[in-house]
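Student: Use these hints to put chain P onto chain F, whose structure you have.
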Amino acid sequence: MRISREEVQRMALLARLELTATEETELIEHFDKMLSYIEKLNQLDTDGVEPTAHAVAVPSPLREDQVTNQADTEALLQNAPAREADFFKVPKIIE
Amino acid sequence: MEYEAVIGLEVHAQLLTESKIFCGCSTKFGAAPNHNTCPVCTGLPGVLPVLNRRVVEFALRAALATHCHIAAASRWARKNYFYPDLPKGYQISMYELPIAQHGYVTLKLNGHSKRVGLTRIHMEEDAGKNIHDAHSDASLVDLNRAGVPLLEIVSEPDMRTPEEAGEYLRSLRAILQYIEVCDGNMEEGSLRCDANVSVRPQGSTALGTKVETKNLNSFRAVEKAIQYEIQRQSETLNAGGRIVQETRLWDADREVTRSMRSKEQAHDYRYFSDPDLLPLTVAQEWIDTVQASLPELPAERRERFMQKYNLPSYDAEVLTTRKDVAEYYEAAVHAYPSDPKILSNWIMDGVLRVIKDEKLDTGLKITKWPCPPEQLGALVRLIDEGKISGKIAKTVFDEMHHSGKAPETIVTEQGLTQVRDEGALAVQIDQVLAANPEKVVEYRAGRDKLLQFFVGQVMKATQGKANPQMLNELLRKKLSTDHQ
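Protein chains in written order, with my numbering: chain F, 1 to 95; chain P, 1 to 484.
Looking at chain P on its own, in the form it has when it is part of the complex:
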């Protein structure tokens, strides 16, 4: 039987605040173990949590950017469980009354738009970190991360394929990065994703038993794990088996999911209202202020790039996925407005390739651009004005990246200007033709393809500096008229 997958994602986004959600401890990553701690976030008796205003503001930004309905009043709840990285024995989260519900994210996949619903967004505190591999008989606990603010973003089970799930996650990450609430780094765990997957016979509308998969710390892992689960569940059902509701772990090395051996019975978190925290009320004026402060979002910017710069959908998508790339592109276009499409090509094939190859980006920011956007504009201008060829431009671009010099300077210093002097070019052509008399005869006898051979030889002699158009014309002329 053929099965259809039903997929929902649960995303945890670490918020880019200075201090923790309920206390004045730093959230800075990389501090010495247990350095960023205090009686509140380590759960000592007699302390009171006080909510960080910016956490609420970030939640509002995310909620508004994803078209959610914001609750006038939301409530904090205690989620009770025991684990060494959770010093209080409960996590402060939201349960019955989250801050935002009923939103959506629009994704583009293979030219089609799809809307994925958001069930809810709520705020909560992160747990600490356990280190298991230091000893065979002990685990070590670092509570620096305990109390770092998170947004939990739960989607509706609206996705049907691993590709859709991957695209949803990419779109959501782009939004969170644009509104600057999360750096979106999956490898470092500032963006985490769990996938709920079930399958049902094609055409059926009932839902199958869902399986939760954790430990998905890359986009590739998300798509691969979902693919694996769909296959595993379909095969189980086809073999007459039954799907068990459970939590599985993705093993990225072996590319399989494995059942978490759970010795305990099903979780019972016994949520109840946190008596230490008052219900959160958000005034309409606050919502309005946050709404007014939202930047242009990725989907809007993509549309604008297509309209304003006449870019293909693919280019617009690549350029707008990251805010800093989009800004770089616009700065380059501003410096040289005549050719937005060529600039797009140079960013995709040049700038982004170098950044990827040399790993020049971390989280929210590209840390080192190969060249400033104005210089990229200047480089394309040199090509368009016929001063250098596209081929030479690649050399100049690499040199700009390595030396930091302006393109004009490099071209002058290294004498890379195109040979556009007909006389000079004619001398080179004559030399090449004189050195290959048999080929000249063959060409004249009808082997047109040899033209490329001559072009190549002259280019070689001029170190790539011959203006290609002029070279072609001159060669043709010489080969057809110069009968000796």
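Isolated chain F, as found in the complex:
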């Protein structure tokens, strides 16, 4: 195996995912397959090739610095699990 259970658990924690032991085992197998594929790619000689960040070689579009949005706080807060006045309300973050 190319990945340990601890590493999968750590990634789950970083992604805030709760996994059962069965799911962890399944993910270990998935990761293993992905990593062996990456190993295959690693065999390719890429010396002198610029790392690619994007598949399309077009310059970044830019917008002018203008306020174009209409505020719609109600629409935004429609999706909030909890709200208070115009704020999102979340479980206490610091004590």
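No wet-lab data here; the hints were simulated from the structure.
Predicted model, so just to flag it, every value in this text is computed and none were measured.
By construction, the Cβ of each residue, glycine as well, lies at the ideal position given by its N, Cα and C atoms.
Take these hints with a grain of salt, some might be off.
Some chain F residues flagged as far from chain P (calculated, every beta-carbon gap over 12 angstroms) [to be verified]: (1) Met1; (2) Thr20; (3) Glu24; (4) Leu27; (5) His30; (6) Met34; (7) Ser36; (8) Tyr37; (9) Asn42; (10) Asp45; (11) Val49.
Computed footprint of chain P on chain F; a stretch qualifies when at least three of its residues, placed anywhere within it, have a C-beta under 8 angstroms from a C-beta of chain P [said to hold, decoys possible]: (12) 52 to 63; (13) 67 to 77.
Tutor: Relative to the frame of chain F, chain P by itself:
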């Protein structure tokens, strides 16, 4: 053992754009909660960020003003972490390829120049704001600030003392204010600073373990917190302890740093290229245009003031730290070119004192000047022409500030013109001498110091309007010749 500190600062500057970095929401401060929001800056699925041109222009201005090398291509990265004020679960920032690197800021401290290197400058989006004190069991989230553009400016660990760090921050703020990309207000959080501090034995070149200190929201806090950290780390090492790499918070009330109780393991941001944003390319012509548009910067202006107006280094420093103060000074000199140094004194002791006492400035701008610069010039002209004394001028200045009237008007209306009429002054002197015959005898017997007593009495009788020079001469003459 004696230790030397190694200090580097990380500064976040909020940019003065109209709209956010990747969407058309307003950046205006003070809107109702969650008013300046849209699907892009609140991280709803299926949206695409589009970069604000002015953010790039501001980054270029800052980079050129700090002598950075600008990357022909830079790349956006996602910095992944979870916090309620970060709706997407990641912050769009730059990581491997920032827009600018390898610059420097020159500071002046105690007459010496020092160059502090800049590692990098990059653009990123701000997070929203959490409010913790409204409830005991809940926090409130306002996403108005999410997506407001920031520049992160990272210095090299080139500073050795808290004073140097403070001066670096002041110089950097002055530059950002001059190029009008940030209002530089630390109290309101538009300029934020984290300090990395480590210590090492004097003479050593190896680096110690660094500790990051956050929550520094004033210049005083920056210097005090660094001072505290140097002492804490030195004492820990001297007691045989070990420095732990950690993040600490400055407690401004108790003037100590405290370890942030972090329940999680070390951060792992898992940066990767943002697939929603294309790499940013900046053409040389754009760089050239921005370079040509840069104003005279604080360091250059300071030198020019010393040369052109013959000002001491201290005056030039005070007058050029803020662009609006420098402009005010030059307007006053333009109105009255004969005495640039006296005008400098009046600005430092008069104008800036009133502004400070009455809190007439916010961020980039002084909101209310005590008087227009032309009137300050006119006031100094009145002194130089002998129409009023320096002492009376202070009264006139206060009156200019309170009534908004021109100095000439105040002097005429209140009859403050100096008494330069010898005859009139002689009458006053005679009265004073006649009222104090014993003192006159004492003076003539050799108590020279009594001259000041007579000067004071005549000044009092004339309500400060006697021309001091003339008064002195006349008094001496009368006291030595008028033997009755």
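Student: Minimum C-beta separation from valine 49/F to chain P exceeding 12 angstroms: can you confirm that?
Tutor: Valine 49/F is indeed farther than 12 angstroms from all Cβ atoms of chain P, at 15 angstroms.
Student: According to the definition I'm using, a residue is off the interface if its beta carbon is farther than 12 angstroms from all beta carbons of the partner; does methionine 34/F meet that for chain P?
Tutor: Methionine 34/F clear of chain P: closest Cβ-Cβ about 15 angstroms, beyond 12 angstroms.
Student: For threonine 20/F, is the shortest CB-to-CB distance to chain P above 12 angstroms, so the non-interface label stands?
Tutor: holds, 21 angstroms
Student: Does leucine 27/F clear chain P by more than 12 angstroms, comparing its Cβ with all Cβ atoms of that chain?
Tutor: The claim stands: leucine 27/F keeps its Cβ more than 12 angstroms from every Cβ of chain P (closest is about 16 angstroms).
Student: Confirm or reject: methionine 1/F is not an interface residue toward chain P, with every Cβ-Cβ distance exceeding 12 angstroms.
Tutor: The claim holds: methionine 1/F sits with its nearest Cβ about 21 angstroms from chain P, beyond 12 angstroms.
Student: For glutamate 24/F, is the shortest CB-to-CB distance to chain P above 12 angstroms, so the non-interface label stands?
Tutor: About 19 angstroms separates glutamate 24/F from the closest Cβ of chain P, which puts it past 12 angstroms; holds.
Student: Is the nearest Cβ of chain P still more than 12 angstroms from the Cβ of tyrosine 37/F?
Tutor: holds, 18 angstroms
Student: Is the Cβ of serine 36/F farther than 12 angstroms from every Cβ of chain P?
Tutor: Holds: least Cβ distance 21 angstroms, greater than 12 angstroms.
Student: Does the claim that histidine 30/F lies outside the interface with chain P hold up, using a Cβ gap greater than 12 angstroms?
Tutor: The claim holds: histidine 30/F sits with its nearest Cβ about 18 angstroms from chain P, beyond 12 angstroms.
Student: Is the Cβ of aspartate 45/F farther than 12 angstroms from every Cβ of chain P?
Tutor: holds, 22 angstroms
Student: Is the coverage entry for the stretch 52 to 63 of chain F by chain P consistent with the three-residue Cβ rule at 8 angstroms?
Tutor: With 9 residues in contact (Cβ-Cβ under 8 angstroms with chain P), the coverage given for the stretch 52 to 63 of chain F holds.
Student: Just checking, asparagine 42/F versus chain P, shortest CB gap more than 12 angstroms?
Tutor: holds, 17 angstroms
In this structure, every one of the numbered hints holds.
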